[in-house]
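Visitor: Working from the sequences, and respecting the hints, build out all of it.
Chains as they are written, first to last, in the working numbering: chain Y, 2 to 85; chain B, 104 to 441.
No wet-lab data here; the hints were simulated from the structure.
Cβ coordinates follow ideal geometry from the N, Cα and C atoms, glycine included.
Among the hints, a few may not be true.
Stated by the list, open to error - A short list of chain Y residues far from chain B (calculated; beta carbon distances all over 12 Å):
(1) Asp7
(2) Lys37
(3) Glu47
(4) Ile74
(5) Arg76
(6) Leu81
As the list claims (entries may be wrong) - Partner residues aside, some chain B positions facing chain Y, computed with beta carbon under 10 Å:
(7) Val157
(8) Glu168
(9) Leu174
(10) Val176
(11) Leu326
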Amino acid sequence: MRLKEDCRIISLRGHHLLTTGEKSLEVNQSFAEIWKIAAAESFSTESLTGKVMLEYDITKSEAEREVSNLIDIWRNHNLLEDND
Amino acid sequence: MTDTVVQEAFTALVRRGLRTGEDESFPALDDRQWEAVLELGKIQGVTGLLFSGVESLPSEVVVPEQIILRLMVEADRIMRRAEQVSKAAASLIKALEEKGLHPTVMKGPAVAALYPDPRLRESGDLDIFLRPGEFEAAVDALSLIDYHKDPDGNILYSWDGVPIDQHPRYFDLHSKKTIGQQADGSPESQLLMLSLHIRKHCMGAGVGLRQICDMAMAYRALLKQSDIQRLLELYKKSRSSRWNLLLASFIKEYLGDVPLPYADGTSLPDSDQLHKIVFSGGNFGHYDPSRRDALKKGGASRKIDTLVRMLRRIPFSLRYSRSELLPFLISLIRGNVV
Numbered sequence: 002m003r004l005k006e007d008c009r010i011i012s013l014r015g016h017h018l019l020t021t022g023e024k025s026l027e028v029n030q031s032f033a034e035i036w037k038i039a040a041a042e043s044f045s046t047e048s049l050t051g052k053v054m055l056e057y058d059i060t061k062s063e064a065e066r067e068v069s070n071l072i073d074i075w076r077n078h079n080l081l082e083d084n085d
Numbered sequence: 104m105t106d107t108v109v110q111e112a113f114t115a116l117v118r119r120g121l122r123t124g125e126d127e128s129f130p131a132l133d134d135r136q137w138e139a140v141l142e143l144g145k146i147q148g149v150t151g152l153l154f155s156g157v158e159s160l161p162s163e164v165v166v167p168e169q170i171i172l173r174l175m176v177e178a179d180r181i182m183r184r185a186e187q188v189s190k191a192a193a194s195l196i197k198a199l200e201e202k203g204l205h206p207t208v209m210k211g212p213a214v215a216a217l218y219p220d221p222r223l224r225e226s227g228d229l230d231i232f233l234r235p236g237e238f239e240a241a242v243d244a245l246s247l248i249d250y251h252k253d254p255d256g257n258i259l260y261s262w263d264g265v266p267i268d269q270h271p272r273y274f275d276l277h278s279k280k281t282i283g284q285q286a287d288g289s290p291e292s293q294l295l296m297l298s299l300h301i302r303k304h305c306m307g308a309g310v311g312l313r314q315i316c317d318m319a320m321a322y323r324a325l326l327k328q329s330d331i332q333r334l335l336e337l338y339k340k341s342r343s344s345r346w347n348l349l350l351a352s353f354i355k356e357y358l359g360d361v362p363l364p365y366a367d368g369t370s371l372p373d374s375d376q377l378h379k380i381v382f383s384g385g386n387f388g389h390y391d392p393s394r395r396d397a398l399k400k401g402g403a404s405r406k407i408d409t410l411v412r413m414l415r416r417i418p419f420s421l422r423y424s425r426s427e428l429l430p431f432l433i434s435l436i437r438g439n440v441v
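Guide: Here is the structure:
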């Protein structure tokens, strides 16, 4: 899965925004890097979990929980390509 | 009247965005003043430069969160628009070339490429030039149905969602006694084209800071490749020497460290007259309240307003574009009547 093609992350002075051209969501600074990865390339839940573990130095179960929350947010805001 | 601190902060951010004044100090602003800076950016068509300028500010400068969010939203809009215009330019040029025509992209994407971040230069329409013989042929070549001619002889249409302004003149010169209209692709021609375009708008509804930033970026990128003597000769032949000194004075005073085609010690005029034009009406004069009303009404109101503005600018035109004034007026009157 991946974020829709028109999703972009823009950053300014420690703030991050995910935009689709029509709407925008402020991204928590803590996970901005992961949002950027999801916007740039396709990912599986497992690969994203691995990246979150490495990026934030957290355990696998913590990472799985964060990834699940992120995917829910993206799905709820209709940001995933497979939402259509 | 704009608060002088707001004006100072605004031009400092523009210089930071252009990378012509990055080490300057920056004044402390309150929330109201930051709002005023953003409003100036919108009026002058340089919000993308403000984004870039704010990005470069030292971390100890306090920028309100709502300003940061608005700048991000605006910068995203500007970048998406720039991509759309760039794609439209590529497909339009390809379509014309496939029909054996030879279009030249003017201003817009061509000059955006000269900016530190081309995506942050605000794009409006796309300007192209086609020489006589090919100008009218483009209508058939593109199978255009919905198009019209403006009083200045340009053909206006839409391509891939982008307004296209197709010019029969490369240089905004109506006087026949100056130079020809060949776009030879040289850096000197490009500089002259941009300069005369700004002058033309100053003779009428007005011009904003965005166009002058274009000129500054063009000077920075193209002057080193230019034959300066040839450039100054072109300015002289096009009867725009005095105008270009005024433009250089404004760039030097407000846009920071930009190379200019004049030797050190050259006396430059006071730039107040140009400053007044830029800051009274903003981007193409659209933010002057009476101009805004005329544009909303359209039709005859718009044309009358344009004429009134040209008449008001006669003192400026007599000083900086004397040989161009009458031919330009005649051309516009003819364009409105025919």
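Visitor: Next step is simple, just say for each hint if it's right about the structure.
Guide: Evaluated hints:
| no. | hint | in the structure |
| --- | --- | --- |
| 1 | Asp7 | violated (8 Å) |
| 2 | Lys37 | holds (14 Å) |
| 3 | Glu47 | holds (31 Å) |
| 4 | Ile74 | holds (18 Å) |
| 5 | Arg76 | holds (22 Å) |
| 6 | Leu81 | holds (20 Å) |
| 7 | Val157 | holds (7 Å) |
| 8 | Glu168 | holds (7 Å) |
| 9 | Leu174 | holds (6 Å) |
| 10 | Val176 | holds (6 Å) |
| 11 | Leu326 | violated (32 Å) |
Going through the hint list in order, the structure does not satisfy hints 1, 11.
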